[in-house]
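Given the sequences, and given the hints that come with them, work out the whole structure.
The listed protein sequences correspond, in order, to chains R, W, D, L, P and G. Heads up, the first sequence is in my numbering, so the first residue is 71 and it goes up one at a time. Heads up, the second sequence is in my numbering, so the first residue is 71 and it goes up one at a time. Heads up, the third sequence is in my numbering, so the first residue is 71 and it goes up one at a time. Heads up, the fourth sequence is in my numbering, so the first residue is 71 and it goes up one at a time. Heads up, the fifth sequence is in my numbering, so the first residue is 71 and it goes up one at a time. Heads up, the sixth sequence is in my numbering, so the first residue is 71 and it goes up one at a time.
These are computed hints drawn from the structure, not numbers from a lab. Note that CB positions come from ideal geometry on N, CA and C, so glycine has one too. Warning: the hint list may mix true and false statements.
[Said to hold, decoys possible] Straight-line alpha carbon distances no greater than 30 Å define the calculated DSS-like cross-link-like pairs of lysine-lysine that follow: (1) R:K111 <-> P:K111; (2) G:K111 <-> D:K111; (3) G:K111 <-> G:K224; (4) L:K111 <-> G:K202.
[Stated by the list, open to error] Quick partial rundown of chain P residues pointing at chain G, CB under 7 Å, derived from the structure: (5) R93; (6) Y167; (7) H169; (8) I171; (9) A172; (10) L173; (11) E183; (12) M188; (13) A191; (14) F227.
[Claimed, not checked] Anything over 12 Å on all C-beta distances counts as not near chain P; from chain R, calculated: (15) G78; (16) E122; (17) G132; (18) R206.
Number of protein chains: 6
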Amino acid sequence: MRKGIYPGSFDPFTNGHLDIIVRAASLCDKLYVAAARNGTKEPLFTLGERLEILKECCQGNGSIEVVTFDGLLADFCIKNGISSIIRGLRATADYEYEHAIALMNRRLAPQVETVFLMADAENSFISSTIVKEVARNGGDVSSFVPPAVVSQLKSKFS
Amino acid sequence: MRKGIYPGSFDPFTNGHLDIIVRAASLCDKLYVAAARNGTKEPLFTLGERLEILKECCQGNGSIEVVTFDGLLADFCIKNGISSIIRGLRATADYEYEHAIALMNRRLAPQVETVFLMADAENSFISSTIVKEVARNGGDVSSFVPPAVVSQLKSKFS
Amino acid sequence: MRKGIYPGSFDPFTNGHLDIIVRAASLCDKLYVAAARNGTKEPLFTLGERLEILKECCQGNGSIEVVTFDGLLADFCIKNGISSIIRGLRATADYEYEHAIALMNRRLAPQVETVFLMADAENSFISSTIVKEVARNGGDVSSFVPPAVVSQLKSKFS
Amino acid sequence: MRKGIYPGSFDPFTNGHLDIIVRAASLCDKLYVAAARNGTKEPLFTLGERLEILKECCQGNGSIEVVTFDGLLADFCIKNGISSIIRGLRATADYEYEHAIALMNRRLAPQVETVFLMADAENSFISSTIVKEVARNGGDVSSFVPPAVVSQLKSKFS
Amino acid sequence: MRKGIYPGSFDPFTNGHLDIIVRAASLCDKLYVAAARNGTKEPLFTLGERLEILKECCQGNGSIEVVTFDGLLADFCIKNGISSIIRGLRATADYEYEHAIALMNRRLAPQVETVFLMADAENSFISSTIVKEVARNGGDVSSFVPPAVVSQLKSKFS
Amino acid sequence: MRKGIYPGSFDPFTNGHLDIIVRAASLCDKLYVAAARNGTKEPLFTLGERLEILKECCQGNGSIEVVTFDGLLADFCIKNGISSIIRGLRATADYEYEHAIALMNRRLAPQVETVFLMADAENSFISSTIVKEVARNGGDVSSFVPPAVVSQLKSKFS
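Laid out in structure tokens, this is it:
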């Protein structure tokens, strides 16, 4: 059984993330969607809020499990028999940082392969950062994020 | 009448900004130069200080109006009949972020076109960030910013 | 009256080119669409074939004129009172080459401004080169080029 | 059963290609390694020579089959039930072209996913073009290509 | 006598920095390794801690001197008769920022040349930021930094 | 004695090349300027024509010697005790290709260091390719190349 993991901060979850999850699920027998517990930046949404949205958006697909984890992604992969880390790529700037992280993860866990999927053209300009900026200024983000995230953003910024 | 807008944080205003404004003014019948009220980062100069400099540097050109605005740039354009957002580009890294923002703005206001001008070679390395860093360390920035900004920077860092 | 020019080899003309033309036309009172007579590479379509397609696709918009020219673009702009060169940008690689050309054109004709529009997301992956490659291998290119170009490509590669 | 394909011109086959094949094979139940029959550039090695090397280098792994094909890659995938196209990425320039090709292939065959693996650091500077250039000038390429390719290059350039 | 300087924040010092220092030392008669006293970001290690590590790692090479400085790098170079600033480059993103800084330094001190060395392939993915992230999450960084830095990181994050 | 080499095709020699040579000469006790005998592309100027221009432009600086060579650059460096290969960088696209070549040269001749200088802002858009294109179309290139090259280009294209 091939297990994959799609890690992210999902702050907030966007239609771009959802597209990658659907495509990644077809590459694995089991796909973990993993919200990072603690990053270096202060998130807008709590881990609980982000997990709730992820579970709501991924329910109905039995091969997907929403998780969180402490510590190194590479360690989590080894402990859980995960053979692929899945990452979405949009612009060139993404690419460089992701390349460095992927090479580092190969050193930390040589048996785990990082696999990249390209964002679809229609999602190529959607990032959590830009979505938050639009929502903070009262813009309509309903084309860029799932309905549950629209509500979450509205209550944060009202 | 074609109306354009050149938005920015102008923290501080540089000769690179001035060059784009002069060139942008020739593309529009009326050009708004718009200082962003509130970004995500804490600016070095207050909105008042930045507006004052912009007004001083743009005076004498009757087709230019210095403004500020709250909320979404796309909304401000729609309300004021502005058909073009003008942005200057320097390096590739600028390009990618600006591309994403431009595509987002097309979704928010399809009737507003984002138009890019390339920084001139002699201004290609001048950014507000680098200028602040040089001034903070006591360097001479008089070739990179208008005289009024030299004074402003000196009093901030003395 | 503001005159602009959108130069290209259009070998062949794509929906990406068409999108830029429509948007560029709204920025000018008159827009020249100019097929390059002779480039360094051997084109698939003759200049006559390319002009015919351009005329067919641009007809109905009275402010657009399809032309060709010999010599330097900068000289053509000066002779015809053209104040803006319009270029579409897709990827970062485009950007760098276009930046160099724009800076060179500023030296050759300082009064002519190069103005860049970003390709829309849905056209971001459509280039004449890739379209030719797909058509050469029998693929369906009808979503990427106007109907007249589909026929032209079919007769070239049959 | 998940089938993948790793297409390329392999002119010549390098250690970078071999690394991607080994890693790609672990992601699929069956991996086609496909040498492009005809590209736009004149190859140094004939299709026969390239297939011979591929077969020699891939023998011993029962899940790999070396093939060639005419026409569109997307069509070949559909006909053979292949669900993943695998591509290796080195530098940013690779990334942009590959992104455009991947988006085009999604339009031509939406059920086929393009999956990218990053070149390992030690292979990041090895390209067929640079290897040919070194070999043409009498340099030692034995650290960059399999032994059989060393011999092939020597006889081409002696 | 040619004097060079290799400035950085070294927060922490990595094997990538060490490789550049060794190579840079062969280009100069005297090489200053200069830890920046105060940047805009809060460092993980104090200036004292960083200087101690630098001295330990550079001892034994008589042509290297570890220093710190206040104010502008360009001023420090002029005062000390330094003719070359040495910088290591990894990815494209590095390149752009470094290009702008180098052009600015040419304006501030035209007699000082900025010289770039490319990171070796095996170090291309090692950055202070990624090393800190791995160490913070309990990962083994002993292949990426000198032994003294491994200890320093352990005591910070224990 | 530190020996450096600045290799190129110089087809034709530009003011950008000249700027790099002047700056590189200050880094070495002896600088070889080496015109590549045979590249993969057909040059506009013969090797003899290119060497003549180089000699004319570099005369008067006793530490510079104009040469040509067959075979690998790395071999030429080893045979002549050259410790540094000097390359100029303009845009990001340059950077990536040059990075790969530099890493390859480190493998072929570990004792030879590749050293990069950034093109000055005013030369950042000047490439041999663009200069040829302008000259071919009758444009004035006298700001971009030495006077001798202006004459050479005129006689080629008249």
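How the hints compare with the structure:
no., hint, result
1, R:K111 <-> P:K111, "holds, 13 Å"
2, G:K111 <-> D:K111, "holds, 13 Å"
3, G:K111 <-> G:K224, "holds, 21 Å"
4, L:K111 <-> G:K202, "holds, 24 Å"
5, R93, "holds, 6 Å"
6, Y167, "violated, 11 Å"
7, H169, "holds, 5 Å"
8, I171, "violated, 10 Å"
9, A172, "holds, 5 Å"
10, L173, "holds, 5 Å"
11, E183, "holds, 6 Å"
12, M188, "holds, 5 Å"
13, A191, "holds, 5 Å"
14, F227, "violated, 33 Å"
15, G78, "holds, 15 Å"
16, E122, "holds, 25 Å"
17, G132, "holds, 30 Å"
18, R206, "holds, 24 Å"
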